[in-house]
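J.: We have chain A already, so just place chain B on it with the hints.
Taken in order, these protein sequences are the chains called A and B. Counting along the first sequence from 1, when you hit position 62 you're at 62 in my numbering, and nothing is skipped either side. Here my numbering runs 120 ahead of the position in the second sequence, where the first position is 1.
Bear in mind the hints are in silico, worked out from the structure with no lab data behind them. All figures in this text were calculated on a predicted structure; none of them were measured in a lab. Glycine included, each C-beta is placed from N, C-alpha and C at the ideal position. Possibly wrong hints are sitting among the right ones.
Unchecked claim - According to the in silico footprint, chain A covers these stretches of chain B (three or more CB under 8 Å from chain A):
| id | segment |
| --- | --- |
| 1 | 136-142 |
| 2 | 158-167 |
| 3 | 225-231 |
What follows is the residue order along each chain.
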Amino acid sequence: MEVPILKQGEFLIATIQAALSDADLEHLRLALVQRVVRFRSRAVIVDVTAMDVMDSFASRTLREIALMIRLRGADTVIVGIQPEVAFAMVQLGLTLEGVGTALDLEEGLAYLNQKFKNIN
Amino acid sequence: MAGEEIRVPINSDQDIVLARQQGKTLAAASGFSLVDSTLIATAISELARNIVSYAKKGEIILQKLSAPGRRGISVLAVDSGPGIADLRLALRDGFSTSGSLGLGLPGVKRLMDEFEISTAPGGGTVVRIKKWRQDQREK
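With the rest of the complex left out, here is chain B:
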């Protein structure tokens, strides 16, 4: 089951700050620890920055998750930008197409529990990441 969606339009670098603050607030409200809330906020910051850098505009959609025996948070980053031509390369650590910054996708993957991406050249990019509360995570 998923809770109400919080949608944050991403059009500028100011919106990156807004999206990660909203995410941190939602994570804290969902009972995540300060460390986990910070990891989630950092991941949101990276995804929102990818939207601004590569697609110019898009949206971050935040949602509380509750499944039997566990609670979590889902973050969807959606844009209709140029997409990623070589996804395998973009998911490799150290890869970058814009100087030293890179897409940061391997890092985002490490910060979260679940990571899914769908993209097509010219067809935009959708990244869905999830994190489950540590105290409830399946052993």
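This is chain A alone, in the form it adopts within the complex:
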């Protein structure tokens, strides 16, 4: 299941649309990092609204995506973590520490627009 990655100006938006296997997540990680380089993107939004389970592997892969993208000098915001998924993640001890999060795509975009407006 390929995750579509949309280029929106200086940002990239990856929208997860169904449950992803480990291989799908690893593919997403590579695809995002490559596109950040190709498009010289300043930020990436990963929309996980459709993910009904976030286990240790998914959580670790998202954290790795954010860390790799930070090394490229860009930001990552994870948006749309469902309340029950957040509950399960915390119980399991997964915190996505150091990764930006926002309620939904709209909030994520607003956060990034505000941030880059201040810099420009």
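T.: Structure of chain B alone, referenced to chain A:
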């Protein structure tokens, strides 16, 4: 009393997704809330991943439970892999043998109401976890 078994063979990372989806469906059908169904599905995902990572193949067996005055779900994760050499260490929070991932067993234990494990070096691992419906849980 226990209901019919749903057996999900675990041979690849695709099967992890399948097992947790089956578990979530069964939990919802048993009347679990969305939060509890998600906790159960997450626990199944972790156990199925342990099978793929450490034993390569095994099985997840799901079953509805009904005891006097309460209903629940049982998940059995069975493999005949290398087993866990130091179980005490594996059940300690933060323990990991494969980089930063770890076995996640303490986390799985926190997600569920009951947790049993039997393992022997070279003799495979069996984990049985259970969760009871919140509205019926004994006070």
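J.: Taking 8 Å as the C-beta cutoff, is the stated coverage of the segment 225-231 of chain B by chain A satisfied by three or more residues?
T.: holds (count 5)
J.: Apply the coverage criterion to the segment 158-167 of chain B and chain A: a residue qualifies when its Cβ sits closer than 8 Å to a Cβ of the chain, and three qualifying residues are needed.
T.: holds (count 6)
J.: Within the assertion that chain A covers the segment 136-142 of chain B, do at least three residues meet a Cβ-to-Cβ distance smaller than 8 Å?
T.: Since 4 is at least three, the answer is holds.
Violated hints for the displayed structure: none, as all numbered hints are satisfied.
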